[in-house]
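Undergrad: Kindly produce the complete structure, drawing on both the sequences and the hints.
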Amino acid sequence: MKLHRRDVVRRLLADRGDLLVVAGLGAPAWDVTAAGDHPLTFPMWGAMGGAAMMGLGLALAQPKRRVLVVTGDGEMLMGLGSLATIGVQRPRNLTVVVLDNERYGETGMQKTHTALGVDLAGVAKAAGFARAMRVTSMARVAQLARLIHRGRGPVFAQVKVLAEKPPLVLPPKDGVQLKGRFRDALASNRRRG
Amino acid sequence: MTANASSQPSGWTADAHRFLRTARARQIAVVPDAGLSRLLALCESDRTMRVVRLTTEEEGVALLAGAWLGGEKGILLMQSSGVGNCVNMLGLALACRFPLLMLVTMRGEPGESNPAQVPMGSAVERVLDAMGVQVSRTEREDEIAFLLAAAFDRAYADESPHAVLIAQRALGFKEFK
Chain A
1 MKLHRRDVVR
11 RLLADRGDLL
21 VVAGLGAPAW
31 DVTAAGDHPL
41 TFPMWGAMGG
51 AAMMGLGLAL
61 AQPKRRVLVV
71 TGDGEMLMGL
81 GSLATIGVQR
91 PRNLTVVVLD
101 NERYGETGMQ
111 KTHTALGVDL
121 AGVAKAAGFA
131 RAMRVTSMAR
141 VAQLARLIHR
151 GRGPVFAQVK
161 VLAEKPPLVL
171 PPKDGVQLKG
181 RFRDALASNR
191 RRG
Chain B
194 MTANASSQPS
204 GWTADAHRFL
214 RTARARQIAV
224 VPDAGLSRLL
234 ALCESDRTMR
244 VVRLTTEEEG
254 VALLAGAWLG
264 GEKGILLMQS
274 SGVGNCVNML
284 GLALACRFPL
294 LMLVTMRGEP
304 GESNPAQVPM
314 GSAVERVLDA
324 MGVQVSRTER
334 EDEIAFLLAA
344 AFDRAYADES
354 PHAVLIAQRA
364 LGFKEFK
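Chains as they are written, first to last, in the working numbering: chain A, 1 to 193; chain B, 194 to 370.
Take the hints with a grain of salt, since some may be wrong.
[Unchecked claim] In silico DSS-like cross-links for lysine-lysine, where the CA-CA straight-line distance does not exceed 27 Å: (1) K266(B) / K64(A); (2) K266(B) / K179(A); (3) K160(A) / K111(A); (4) K179(A) / K64(A); (5) K125(A) / K2(A); (6) K111(A) / K2(A); (7) K2(A) / K165(A); (8) K173(A) / K266(B); (9) K111(A) / K125(A).
It is worth saying that the hints were derived from the structure and are not from the lab. Since the model is a prediction, treat every value here as computed from it, not as a measurement.
TA: Below, the structure is given as structure tokens:
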């Protein structure tokens with residue numbers, strides 16, 4: 001069964017607490033924004049292939065916080081090597097969720113490798129992720145939400161979603177602002193904590 | 194000039210490591226090169242540092258951006274061929290003004306014995322410049338640690354990308370024998 005991407009992301013970010021979020025470019029960045037723009041979400045506007053590595057750098061810098069990367073199958077395929085890099089570092093606090101619609105959504109819905117037989121969760125498992133799962137139901141999405149907050153990572157989830165284009169909900173475009181608000185929120189969050 | 198880079202005695206690595214430790218560079222992102230192996234070994238044995246082995250150098254640009262989001266500093270170590278792998282990802286550092294320091298050991302310079310290294314090696318400075326990365330280059334081993342420290346401090350003060358290029362002449366040429 002394939003899921004609606006917005007339902008998946010809304011469920012994953014419900015009760016997000018002090019979760020730190022990096023979103024890959026394109027639809028995943030719109031999805032996290034549709035779930036509620038947040039200073040501790042860093043939506044990417046470019047740097048295709050870099051989302052998981054950005055999540056790794058953040059997870060290593062903030063070992064007491066939970067870090068979630070939400071990205072797409074095309075973006076993940078461009079940075080496949082980063083799965084091996086994460087598999088070696090094995091940060092317990094990192095989850096990488098790929099919203100897999102088997103398409104390059106921003107360029108006209110052309111097929112990606114996952115439409116043609118490549119098993120991303122299998123790659124993550126082989127690369128050394130503590131847990132790698134394929135998700136095809138909202139019940140499993142709920143389980144994934146628990147893992148994001150409490151599981152022993154690194155966790156990888158390939159969530160099969162419909163090749164649909166929900167209405168655009170765009171995050172702020174200024175990368176300097178997105179970086180600044182994230183760092184400020186983290187610093188004030190730390191002071192309060 | 195014909196010595197193997199990895200056996201060349203050099204004091205710059207100890208100075209560079211000491212600086213990075215004092216400056217709290219915590220994430221050491223690397224695709225290895227012979228000329229960087231001693232620095233890498235020092236960082237690996239330093240409990241205040243985390244060496245992150247990359248499959249390709251562009252991973253390090255994104256890693257260090259994420260590190261800075263989380264408040265940590267770092268450095269990206271690579272051979273000059275890796276500069277080409279970084280180009281698109283440098284857009285992240287530039288568009289969002291993330292600090293970045295790349296320490297690059299050069300190949301493909303005059304005296305290079307492998308012709309395959311020449312096209313990228315001879316374009317490294319122009320490529321970095323075209324992307325808006327500030328470059329300093331040295332042919333003297335005793336300048337490396339100073340330039341590294343200056344570029345690191347500037348990168349984190351200005352939140353801007355910098356590269357320090359170490360000429361082949363500074364560390365010795367690789368021979369195939």
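Undergrad: Any hints from earlier that this structure breaks? Give me their numbers in increasing order, please.
TA: none
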